[in-house]
Structure formats: structure tokens, C-alpha cells
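First to last, the sequence lines map onto chains A and B. Count the first sequence with the working numbering and you get residues 47 to 251, in order. Count the second sequence with the working numbering and you get residues 68 to 341, in order.
There may be inaccurate statements among the hints.
[To be verified] Cβ-Cβ distance ranges computed for the label pairs, FRET-style:
#1 H185/B x K76/A: 56 to 62 Å
#2 T290/B x D73/A: 40 to 46 Å
#3 T79/A x G331/B: 29 to 35 Å
#4 A215/A x T290/B: 23 to 29 Å
Don't read these hints as lab results, they were simulated from the structure. Where a beta carbon is used, it is the ideal one built from N, C-alpha and C, also for glycine.
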Amino acid sequence: MSLIRNVAILLIAGTIGASAQQKPVVDTVKIDTAIAAAFPTAPADWKARFDQDETMKACSLHENSPPKAVAETIATREKARIEYPADGKLLGDWASGEKLAQSGYGLRFTDYPARQVNGGNCYACHQLTKAEVSYGTIGPSLLNYGKIRNFSEADTKAAYEKIYNAQAAYPCSNMPRFGTNKVLTIDQIKDLVALVMSPDSPVNK
Amino acid sequence: MQGRRIILAAVCCLLVAVAQPTQAQDDTERAIEKYRQMLKEDPWSNPGLLDADRGEGLLKTAAGPNNVSLEKCDLGKGAGVVDGAFAELPRFFADAGRVMDLETRLIWCMETLQGFKHADLVKKPYPAGGQPVKDLGAIATYVASKSNGMTFAAKLDQPQEKAVVDTGHAIFFRRQGPHDFSCATCHNDSGKRIRLQGLPYLAGPKEAKEIVGQWPAYRVSTTQVMTMQHRLYDCYWQMRMPELEIGSDVSVALIAYLVKSAEGGEIAAPGLKR
Chain A
47 MSLIRNVAIL
57 LIAGTIGASA
67 QQKPVVDTVK
77 IDTAIAAAFP
87 TAPADWKARF
97 DQDETMKACS
107 LHENSPPKAV
117 AETIATREKA
127 RIEYPADGKL
137 LGDWASGEKL
147 AQSGYGLRFT
157 DYPARQVNGG
167 NCYACHQLTK
177 AEVSYGTIGP
187 SLLNYGKIRN
197 FSEADTKAAY
207 EKIYNAQAAY
217 PCSNMPRFGT
227 NKVLTIDQIK
237 DLVALVMSPD
247 SPVNK
Chain B
68 MQGRRIILAA
78 VCCLLVAVAQ
88 PTQAQDDTER
98 AIEKYRQMLK
108 EDPWSNPGLL
118 DADRGEGLLK
128 TAAGPNNVSL
138 EKCDLGKGAG
148 VVDGAFAELP
158 RFFADAGRVM
168 DLETRLIWCM
178 ETLQGFKHAD
188 LVKKPYPAGG
198 QPVKDLGAIA
208 TYVASKSNGM
218 TFAAKLDQPQ
228 EKAVVDTGHA
238 IFFRRQGPHD
248 FSCATCHNDS
258 GKRIRLQGLP
268 YLAGPKEAKE
278 IVGQWPAYRV
288 STTQVMTMQH
298 RLYDCYWQMR
308 MPELEIGSDV
318 SVALIAYLVK
328 SAEGGEIAAP
338 GLKR
């Protein structure tokens with residue numbers, strides 16, 4: 047069944063997302079079975095990590111370059127999965143946000159039992175402040191992020207949404223869906239929003 | 068010693084040039100490249116060669132319940148042929164009914180020739196940080212080094228091999244876990260970095276050809292040789308997945324996919340990494 051479906055989708059998708067090697071037509075059930083068998087020491091409560099939701103499935107199949115219609119479906123679905131703070135306040139504490147941006151701790155098999163809170167590891171992929179020169183480039187530079195946007199309310203909300211669930215704005219983005227996947231709490235996300243959107247944050251100095 | 072001085076110099080560049088981060092990174096990358104160049108000019112300076120030597124001794128020493136060496140192990144070019152064997156792996160082995168990479172094949176030989184139990188061989192195959200590569204990895208390092216200077220010539224054209232390469236391709240792009248990560252998250256573009264660490268674009272041939280043949284590699288940061296199976300295990304750790312089993316269909320398929328990407332690339336094992 048899934049093989050037939052995949053062939054059909056591939057025919058429709060054409061050459062979008064083509065990588066150097068020809069994109070193969072593979073039975074996804076076979077892949078899922080291989081994954082489930084490859085981690086035999088996984089604790090019972092880790093087995094959910096083998097599974098893919100509809101968005102992961104679509105992004106894998108299209109190698110992160112979904113056709114327009116698929117991208118729209120993903121954006122709509124993920125937007126509906128964003129939860130907002132009960133009090134409506136989106137700006138937390140930028141200094142706490144900076145600590146979260148530096149920390150890559152959490153959810154690896156060496157991180158149990160948890161010794162500290164999960165980090166956002168933003169610097170792994172983004173430039174944020176002038177002071178931190180050890181930053182990655184998988185994501186765009188966020189230097190002066192808020193200043194460039196005049197610290198507007200609309201952009202503050204957009205920043206919250208991008209951190210909570212990047213795929214609502216950018217379907218198949220490489221960025222983790224930190225809120226939706228419960229990697230970070232709403233309060234932690236507010237702190238990260240403050241890091242990029244507060245006028246007094248080093249990101250905007 | 069020279070290497071340590073270069074790293075120190077790189078760190079100094081970083082400290083001095085805080086006001087110009089991009090400049091600092093370029094300087095750091097240049098310094099590390101110079102360090103690599105120096106090691107290349109003196110090939111005997113790679114500490115990984117000590118493990119290759121240890122591996123040669125281990126391969127030729129009787130061991131296991133059957134008390135035989137691995138000299139009769141068929142790595143694809145006939146029993147006991149080590150020279151050039153790594154350059155033609157992974158491949159389909161009719162006796163095992165499976166496509167196997169080097170480490171998976173060595174495990175198979177340790178099981179079938181020497182009589183070790185499979186479960187014991189796959190239980191704790193990798194060293195802790197700072198510890199030397201384990202025996203299996205040392206043997207793999209030796210075998211790989213005996214293809215040094217050759218190009219990857221794994222044909223991977225049999226139906227079973229093609230199917231495994233395609234499986235590896237799909238797994239390379241398969242997103243999973245709490246961070247939605249796949250191999251492609253970090254390795255599907257050129258010129259990207261995690262923090263200051265450069266990331267090879269492994270889905271394309273150019274960088275795969277340069278990089279894949281450098282494994283097994285000596286890692287300066289952990290002062291040990293890391294094999295390709297270990298490298299993948301570490302990637303899945305970072306991807307927030309459980310412990311990837313050595314020789315699993317997933318790791319073999321990914322290695323087959325990477326080697327296919329690297330087809331024609333030169334083998335320079337053991338390589339040297341940050």
C-alpha cells in the first residue's frame with residue numbers, strides 16, 4: 047500500500063528536492079521496521095521516538111523540499127499545534143534566554159536522569175550576540191533580530207510561533223518544534239523570545 | 068607538541084579577534100587546516116596508526132572459544148585477503164545472506180570463525196571518552212589502513228546492494244525523535260557549521276569523496292580512534308535517539324549510502340579529526 051502511495055507521490059513531486067543521488071522509491075514500512083530493530087536497548091518509554099507524525103513523514107519523503115500543496119498542509123497543521131501563554135505575555139527574561147541558547151543539554155541517552163533543564167542550543171545553528179563567536183550557520187544570523195523589526199508586537203508574536211513550532215512558518219524547516227514536541231516549556235520559549243526581541247538584549251545591542 | 072602549539076595559536080586568534088567574529092573563525096579554520104597539513108606531511112604522526120598496528124596483531128592472534136585467528140576471514144576478496152578489501156566494502160556476502168560493511172563483517176567472522184557470541188560482540192563495542200578504540204575497532208582500523216591510497220571501488224550494483232543503498236538514502240532523510248532530526252539536518256548542504264565545527268555535505272559526491280574515506284579516524288578531542296559505526300552511533304545520540312546497534316540494518320544501510328556517495332573518493336584511513 048505505502049509503496050504504491052509513495053510512487054504516486056514521487057511522480058507528482060517530480061524532481062523537487064532532488065539530491066545528488068537519485069531519490070529512491072522505498073517502502074516506508076520497511077524503513078520503519080529497520081529503525082525499530084536498530085535500537086534494541088531502547089527503554090520502553092523511548093519507543094515513541096521511532097515513530098513519525100504526519101509532518102515528519104511528509105518532510106522525510108520529500109527530503110525537506112515539499113511541493114506547495116504539501117507545504118500548505120504542514121503549515122496549517124502545525125499552526126494549529128501552537129499553544130500560547132495563558133496571560134498573553136510573550137516576552138520573558140532575556141538573560142535566562144541567553145543561558146538556554148547556550149545549552150544543548152537534554153533528551154540524549156546520557157542525559158538521564160535529568161541533571162538540568164533542557165536547553166534550546168540556539169547557538170549551535172544561529173549567530174545571536176556579538177559576544178558569542180562560536181555559533182553555527184545552519185540557521186540564519188539573528189543578530190539585531192528585534193532591532194531590525196522595530197521590536198514590533200506582530201514580530202514578537204511571530205518569533206514566539208517560530209520557536210514554538212518553526213514548521214508553521216517554514217514547512218520542513220530543520221529547526222526543532224521546541225514547544226509542540228515538549229522540548230522547551232512555554233516559559234522557556236518566552237525567555238528566548240525576549241533574547242531576540244527585547245531592546246535591552248545583547249542580541250540587539 | 069607542534070599540534071598543541073597550533074591549537075593554542077588558534078585559541079589566541081579567537082580571543083584577540085572577538086570584535087571580528089568572522090575573521091576569528093576564518094583564522095581558526097586556517098590554523099586547524101595547517102595542523103592537518105603538518106600531519107599529512109608527516110604521516111607517521113597520526114596516533115591512530117598505533118591502533119592500526121594493534122589491530123594487525125589482534126587479527127593474526129588466535130582468540131575466542133575456537134582459538135583461531137581472523138586470518139581466514141573472508142572480507143570479500145577471498146579468505147585472508149586484507150589488502151584492498153576495505154575499498155570494496157560494503158558488499159553482499161552470500162555466506163551471510165547480507166550486505167555488510169567492514170565492522171559488521173569482522174563481527175561475523177569473530178562469530179563464525181572464532182566462536183564468540185553475537186550478543187557479547189555487539190554489547191559495548193565502543194570505548195568511553197579518552198579510552199583507546201576497542202579490539203574490533205583496532206582490527207577495522209588496520210584493515211582500512213591496508214586500502215590507504217586506493218579509491219572507493221565498492222560497486223554496490225547487485226540487487227541486494229542497490230536495495231541497501233536505497234534504504235540508506237531513505238534513512239538519511241528520515242526525521243524522527245523529539246528534535247525532528249535526520250542525518251540531512253546537518254549534512255545536506257555545503258559550508259554549514261554547528262558552532263565552529265564544519266559539516267560535510269554527505270548527500271552529494273564532492274564532500275563525501277573527501278570525507279568518507281577518512282574513517283576510521285583519530286579524534287583529537289577524544290584522543291581515540293573512532294570507527295564509522297561509532298561515528299553513526301554518536302550522530303544518533305545527538306539526534307536524541309537510543310543507542311544504535313553496531314551492525315544493524317540501519318547502520319549498514321547508511322554506510323552503504325555514504326560509500327556510494329563517496330564512490331571514486333580516496334581512502335586516507337585512519338584520518339585525523341578535530
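Hints versus structure:
1. One distance hint, 56 to 62 Å for the beta-carbon pair H185/B and K76/A, is violated here, with the actual separation near 23 Å.
2. At roughly 43 Å, the beta carbons of T290/B and D73/A sit within the given window of 40 to 46 Å.
3. The hinted range of 29 to 35 Å is satisfied by T79/A and G331/B, whose Cβ atoms lie roughly 32 Å apart.
4. In this structure the hint that A215/A and T290/B lie 23 to 29 Å apart at CB is violated, the actual value being about 43 Å.
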